[in-house]
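Mind assembling these two chains? They're in different frames, but the hints should get you there.
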Amino acid sequence: MEQVTDTPVVSGGPRERTGHRSPPSTPAAGPAPRPVQRRRRTPWKAWLLFLLFAGPNVALLVIFTYKPLLQSLYYSTLQWNIGSAVAMPVGFQNYADWFTDPTTPRIIAVTLVFTLATVGGGMVIGLLLALVLNRRLRGTGAARTVVVAPYVLSGVAVGLLWLFVFDPNFGVTAALLRLVGLASPDWYNDPQWALAMVIVVYLWKNVGYVALIYLAALQSVPRDLVEAASIDGATSLRSFRSIVLPLLGPTTFFLAITTLLTSLQSFDIIQAMTKGGPLGGTTTMMYQIYQEGFQSGRAGYSSAVATILFAVLLLVTFAQLKYVDRKVHY
Amino acid sequence: MGATTTQAGVARRRTPTPWGSYLTLAVAVAVMVLPLVWMVLAGFKDPDEIYSSPIQWLPATVDATNYASAINAVPFGNFFLNSAITTVIGAGLKMMLGLTTAYALVFLDFPLKKLVFGVVIFALLVPQQIVIIPNYTLVAELGWINTYQGIIVPGLASAFGTFLFRQHFLTLPASILEAAALDGAGHWTRLWRFLVPISAPTIAAVALVSIVAEWNEYLWPLLVVDRAEMMTLPVGLTLLQNNDGMADWGVLMAATVLVTAPVLIAFFALQKRIVSGLTAGAVTG
Numbered sequence: 321m322e323q324v325t326d327t328p329v330v331s332g333g334p335r336e337r338t339g340h341r342s343p344p345s346t347p348a349a350g351p352a353p354r355p356v357q358r359r360r361r362t363p364w365k366a367w368l369l370f371l372l373f374a375g376p377n378v379a380l381l382v383i384f385t386y387k388p389l390l391q392s393l394y395y396s397t398l399q400w401n402i403g404s405a406v407a408m409p410v411g412f413q414n415y416a417d418w419f420t421d422p423t424t425p426r427i428i429a430v431t432l433v434f435t436l437a438t439v440g441g442g443m444v445i446g447l448l449l450a451l452v453l454n455r456r457l458r459g460t461g462a463a464r465t466v467v468v469a470p471y472v473l474s475g476v477a478v479g480l481l482w483l484f485v486f487d488p489n490f491g492v493t494a495a496l497l498r499l500v501g502l503a504s505p506d507w508y509n510d511p512q513w514a515l516a517m518v519i520v521v522y523l524w525k526n527v528g529y530v531a532l533i534y535l536a537a538l539q540s541v542p543r544d545l546v547e548a549a550s551i552d553g554a555t556s557l558r559s560f561r562s563i564v565l566p567l568l569g570p571t572t573f574f575l576a577i578t579t580l581l582t583s584l585q586s587f588d589i590i591q592a593m594t595k596g597g598p599l600g601g602t603t604t605m606m607y608q609i610y611q612e613g614f615q616s617g618r619a620g621y622s623s624a625v626a627t628i629l630f631a632v633l634l635l636v637t638f639a640q641l642k643y644v645d646r647k648v649h650y
Numbered sequence: 113m114g115a116t117t118t119q120a121g122v123a124r125r126r127t128p129t130p131w132g133s134y135l136t137l138a139v140a141v142a143v144m145v146l147p148l149v150w151m152v153l154a155g156f157k158d159p160d161e162i163y164s165s166p167i168q169w170l171p172a173t174v175d176a177t178n179y180a181s182a183i184n185a186v187p188f189g190n191f192f193l194n195s196a197i198t199t200v201i202g203a204g205l206k207m208m209l210g211l212t213t214a215y216a217l218v219f220l221d222f223p224l225k226k227l228v229f230g231v232v233i234f235a236l237l238v239p240q241q242i243v244i245i246p247n248y249t250l251v252a253e254l255g256w257i258n259t260y261q262g263i264i265v266p267g268l269a270s271a272f273g274t275f276l277f278r279q280h281f282l283t284l285p286a287s288i289l290e291a292a293a294l295d296g297a298g299h300w301t302r303l304w305r306f307l308v309p310i311s312a313p314t315i316a317a318v319a320l321v322s323i324v325a326e327w328n329e330y331l332w333p334l335l336v337v338d339r340a341e342m343m344t345l346p347v348g349l350t351l352l353q354n355n356d357g358m359a360d361w362g363v364l365m366a367a368t369v370l371v372t373a374p375v376l377i378a379f380f381a382l383q384k385r386i387v388s389g390l391t392a393g394a395v396t397g
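Those sequence lines, one after another, are chains A and B.
This note's numbering numbers the first residue of the first sequence as 321 and each following residue consecutively.
This note's numbering numbers the first residue of the second sequence as 113 and each following residue consecutively.
For reference, chain B alone in the conformation it holds in the complex (with noise of 0.2 Å):
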């Protein structure tokens, strides 16, 4: 009886309060909580409490300075709205490519279909930093150092993202592209107009997962880019850094919040969807 999950209730009225589970659950939350707090705090110090030894925990007042210096030392404004362009026009087109692909695999006729799923699966297994040099050499002849195309165009391919898609398609009902067909509509408007609003809530998790991936993504954009203002925010963080030879660490905090604010923000915002975006690939197995 107290097996039934409808009788849950009951079943856990007689077991203990599992303390154990939740001083793990506390010092986990802990764990992952606290670093956040101390960069906040740490951006709101003086150099004074920064660098006082018994530690000092709370910053005595909250004022901006360290903020200011952060945007004044280097070009932060810039650097959110390369970090912001190279993001959505990123993953933009590979969830267009994926979404693409996942069709022609799926739903069109062609004899070479399991060569281009072969082919876009084994390119999940070859790490960026295998083909850097070669991708360098590449975009440096294109002319495209320091430029948005050369920043974007490299890691542009949708692998992971035509695999999450092909499976999400192949779970759809035969009838819906029947009607669509049956309404003579050629295989473009089919996939725009009848399978990608019926896979919104797939599309859009996947999407944010790869606005994240984009909007972090720093060891490309730390090779194409050597001009202050083309760098992305993870680039121009460091660059923060190497400024001097003794890290400032009140100001290079208040910059560390400055980008990952808005991803937690948006993550706190979207966990769910961010979430399944996450499990997608997963659970389908």
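Okay, chain A solo, but in the shape it has when bound (with noise of 0.2 Å):
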């Protein structure tokens, strides 16, 4: 395959922005012998080098996304335990049985929730912080480190250590509310205050993630525009909310959908501190399928409920990418 190559000579022709389109492509100007046929029915040395290449990552991605994601949609029409050998095709009934539950409204509550306030409090946070560390101030470099530094420690180490700061009886959370004269919240076994915390913990890692990706994207936005959005007192509310607000757009929408799925995916921090309970608690769908699949070791059920929840994540995402067409300005 040798190149035509015009490069330094025909300096003249208008060279084809072709990007980096390989070797054979069409020489835009001049008129070449048969070069296009030659792209029409690719060789076999092409797809051996596409394989080459791709190839492994894309049977991988086949293998253990594809493969399973479609499997899961099988095992959910059955009635089959992990590891057993028998399984009874029951059609529909695992997403009847989710339905009519009566731990589910508690299941889908928790997880709207939990996710509402992990991705909406992790983006308003998030945008705060990284407005205060876009300011010119002395340390904002050492304090924006700082900020990010929990994003890359392990969820369960985290989930560990706060779980000692919240210990209702020898806690630092219990010791600073005795300050001020308040008994701690039980944590550990109020359904509702175990979620909050949870919450809390799940920010504090991640919020770090969002403010960083806000604070890359204020720093391409006019440094005036911020400036006078941020001094001018009285009308600063609105300028930023009429300059700033809508050049973050394709940012808050990035962040809405990578947040929005590890959110719905969180795991470390649910099992370090409070494996799903108490009474369900803190149970996620998503804890919920770890907990029917491997716990109960219904797998069959728990591929139902991983069906639901992969359909409205779906829905979700487009619903997003079609709104963003509408809305948001690049």
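In case anyone wonders, no lab produced these hints; they're calculated from the structure.
You can take every hint at face value.
To give an idea of the chain A side of the interface with chain B (calculated C-beta under 10 Å), a few residues:
#1 A379
#2 S474
#3 L496
These figures come from a predicted structure and were not determined experimentally.
No residue lacks a Cβ here, since even glycine has one placed at the ideal position from N, Cα and C.
As structure tokens, then:
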């Protein structure tokens, strides 16, 4: 495959911007003999080359992502315990069971609260942090590093260390509340407080990422605009709303999708801190998939929950994409 | 005049010190740091100091008893080694897969390119938990329970890395590859000899983020490993938690320090690169 080079000599011709098509793409200028034909039927060498470069990755994706996705769909129609050799086809029974199960409303509520609080709260706090970090103040560089640091830590480790912070008898929160004359809530045994605790810890670990991304976006906003927005007192909120926020649109959209995906997948903090309890108070749909599949062994039922969750996830993502088509200005 | 960035210093003079912003910064830093400090302090406390009723903030002595107990209670050396092996091999192979796939998507001619790109991108939308049951079944059938390949292979495919490397390759000037092609270099050489060296900053940034993710991975290793000596650090850590009904906070916090310290040290040493790796996906949009 020789390249028909037209680079240095034929500088006159309007050289088509072909991006990076590799060697034999059509040389733009001049009546080249018959290069088009060469591209039409992909020679076996090109297939082989592509297979060599992209094949392994695509194969892994097919084996460990796409095939299991379909399998999961199939499993969801079975009454089947993990590891068991017998499985009984039950049609949509697992779905019907889930929708009528008395615990389902609670699980949906917990999932909604956890997701909205971590995604929404994370974006608001992250944006506020980014706005402060974006001001040219002493120490913002170091502060940025510190704010992002928890994001790189193991969720299990983070969960455990916060579990001790929240210890109702010997923890920091208890001591601080005692200082102002309050008793510590029972973070360990009260379902609502436990959910709040898990949300706080999730935010502590992940908010730095949001701040970091917003900060990067803010730094590409013309400085004058941001300064004007933060200095001008009374008008600042308005100029922020009408100037800076729209410019952050694409970033907000990116973060909405990525943080939603990570929030829905959060497992390690819940597992380390509450194991879905107390009384199911922190059992999200994602945690239920794990519990039903690997603790109760109800693989079919678990797969049904997984399928429902994935369907919701796809719907939300595509709704966001639709919305962004109309609203966000790139 | 005050608006020009070159005169920023002058402009700054005129504005009063933004105490509100400094306060926000201070609070944010304190909230981020103090729990970690509390963890380190607890690692040095003996039970009396931990279970004392007016809270005792500082340990009376700095001794490593809790660390010794943690290391004796569970095979920490194994955890560490297993984490290191799975992280290095997993992240390394993932980088290679990402680079070769991105190369193919950008520089090779192939009719199904769009489809392959779609396959890679859509995979980003599939959470791991959705597919754990079929994957666990497959890994069990292969006899890979309690093996390194069982931990590594199912999560090996590179979707986000491929996406980022593709973005990066598209920004490179065509002349670089043309020069390589003139030298008669094949595609394999072009990738590893020409592209990889000039892409080192991007690769390093993506690699670091991948290493962190691999090191902290929890759910999958928890499922496919049940023998203590094959566990990674995060999984082993919970083993310590489950040992007895009541948590021994001193020992548990010492172990938590052992798990988090290497990552924190690496993060502070390499934070510029890690930060650029984390932002890479977002700012290109």
